[in-house]
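Hey, can you work out the whole structure from these sequences and the hints?
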Amino acid sequence: MKFKKSFLKVAGAAMVAGLATAAPAAAAVELPCTTAKLIVPWGPGGGTSVIFGIFEQAIQASDAKVKIKVVTVPGQGGALGAKEAAAAKPDGCTLFAIHQHMVVNYINGVTDFNWDEFEPVALLTDTPEIIGAGSHVEYSDLEGMLAAAKASPGDIPTGVSMGATSHFLWLMLGAKTGTDFAYVPFQGGTAGRVTGLLNGTIDLGGINMAAARTQRGDGGLKAFAIAAEERSDLIPDVPTLKELGIDMNYSLTRGIMLPKGTPKEIVDFWASVFKGPTEDADFVAQQAAKGTAVLYKGPAEYAEWWEETSAEFLDAAKKIKVGRFQ
243 MKFKKSFLKV
253 AGAAMVAGLA
263 TAAPAAAAVE
273 LPCTTAKLIV
283 PWGPGGGTSV
293 IFGIFEQAIQ
303 ASDAKVKIKV
313 VTVPGQGGAL
323 GAKEAAAAKP
333 DGCTLFAIHQ
343 HMVVNYINGV
353 TDFNWDEFEP
363 VALLTDTPEI
373 IGAGSHVEYS
383 DLEGMLAAAK
393 ASPGDIPTGV
403 SMGATSHFLW
413 LMLGAKTGTD
423 FAYVPFQGGT
433 AGRVTGLLNG
443 TIDLGGINMA
453 AARTQRGDGG
463 LKAFAIAAEE
473 RSDLIPDVPT
483 LKELGIDMNY
493 SLTRGIMLPK
503 GTPKEIVDFW
513 ASVFKGPTED
523 ADFVAQQAAK
533 GTAVLYKGPA
543 EYAEWWEETS
553 AEFLDAAKKI
563 KVGRFQ
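Quick note: the sequence shown uses this note's numbering, first residue 243, plus one each step.
There could be a bad hint or two in this list.
Stated by the list, open to error - 25 Å max Cα-Cα, derived PhoX-like pairs, lysine-lysine:
1. Lys506 - Lys279
2. Lys331 - Lys307
3. Lys392 - Lys484
4. Lys309 - Lys279
5. Lys561 - Lys307
6. Lys502 - Lys331
7. Lys392 - Lys561
8. Lys506 - Lys311
9. Lys502 - Lys279
10. Lys532 - Lys279
11. Lys560 - Lys484
12. Lys484 - Lys311
Honestly, the hints are just simulated from the structure, not real lab data. This structure is a prediction, so every number in the text was calculated from the model and none was measured.
Now the structure itself:
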């Protein structure tokens, strides 16, 4: 889960990558549909549906001979959509939007399959987590937060979606720092947690870039650290966890999968289609405005990324004894 470049650096890399051309084999593929369904396994308005909605608009406006339509299939922490996508025909007409929820669901036993039930197409975006707090808390930085957590282990109310990636953020931070928190289940993803922080229902929770940029300025929220390799140009005053002595990155890294058994030429076709928007400076800027960096990796690199990321999560789960490793 590495956020290796600032938004401007990633944008520059994307423009350089624009010099590459699509493989002829990808251009020649024939699919039995003119519009493919892209399953987003969360509700409309969430971060993933917004990010892939921007991809949908870009691909609709492109010369790709097969377009996409985002279809939200919420439920079971992303597992309901994953099950539907895994069971779809491997004909290139059903795609799946994925992030680390896949391995978290596997760890928690929500699914009996992991990422390798799919064919990796492309890694596309990287959204780092931000350690946030309500303005009502007494401490003003990460050091103060950790000191409070150590003074009252397991007592500080912290908003998470139980068993989801937002929960693993705090579990892994706790493992790194010798702290524990009182986990409060919140529905509605980041938006629900931000509301809880603003009204004082919880003290801590992961917040998104939009909240860190606006509601922090309004005095409603605090941002202690960003779990990225480098500071963000959008909130340059917020230090990274590594700067503060915690060797940890944590981000939602989103990409596209196809059902297992999809022919390579179809995988390559969709990899080429999704690469197109990532080479456009305006598209990169749109995503950056949402607090998301464009970070493209093709099928082979994306498979390697999943091998490493899944191993990292599984190792952490074994150490902290959660889910199927209790």
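Problem - Holds or violated: Lys561 to Lys307, with C-alpha atoms at most 25 Å apart - result: 47 Å, violated
Handout entry: Holds or violated: Lys502 to Lys279, with C-alpha atoms at most 25 Å apart
Key = 16 Å, holds
Handout entry: 25 Å Cα cutoff - pair Lys560, Lys484
Key = 23 Å, holds
Practice task
For the pair supplied as a hint, Lys392 and Lys484, confirm whether the alpha-carbon distance does not exceed 25 Å.
Solution key: 20 Å, holds
Handout entry: Distance restraint between Lys506 and Lys279, which requires alpha-carbon spacing of 25 Å or less
Key = 19 Å, holds
Exercise for the section: Verify the proposed pairing of Lys484 with Lys311, using a straight-line Cα cut of 25 Å. Expected result: With Cα atoms ~39 Å apart, Lys484 and Lys311 exceed 25 Å; violated.
Problem - Hinted pair Lys392 and Lys561, Cα distance within 25 Å - result: 20 Å, holds
Exercise for the section: Compare the distance between the alpha carbons of Lys532 and Lys279 with 25 Å, and conclude whether the hinted pair is satisfied. Expected result: 24 Å, holds
Handout entry: Distance restraint between Lys506 and Lys311, which requires alpha-carbon spacing of 25 Å or less
Key = 22 Å, holds
Practice task
Given the hint that Lys309 pairs with Lys279, test it: the Cα-Cα distance must not exceed 25 Å.
Solution key: With Cα atoms ~9 Å apart, Lys309 and Lys279 stay inside 25 Å; holds.
Problem - Distance restraint between Lys502 and Lys331, which requires alpha-carbon spacing of 25 Å or less - result: The hint holds at about 9 Å.
Practice task
Would you check the hint for Lys331 and Lys307, treating anything up to 25 Å between C-alpha atoms as holding?
Solution key: Holds - the C-alpha atoms of Lys307 and Lys331 are around 20 Å apart, at most 25 Å.
Violated hints for the displayed structure, listed by number in ascending order: 5, 12.
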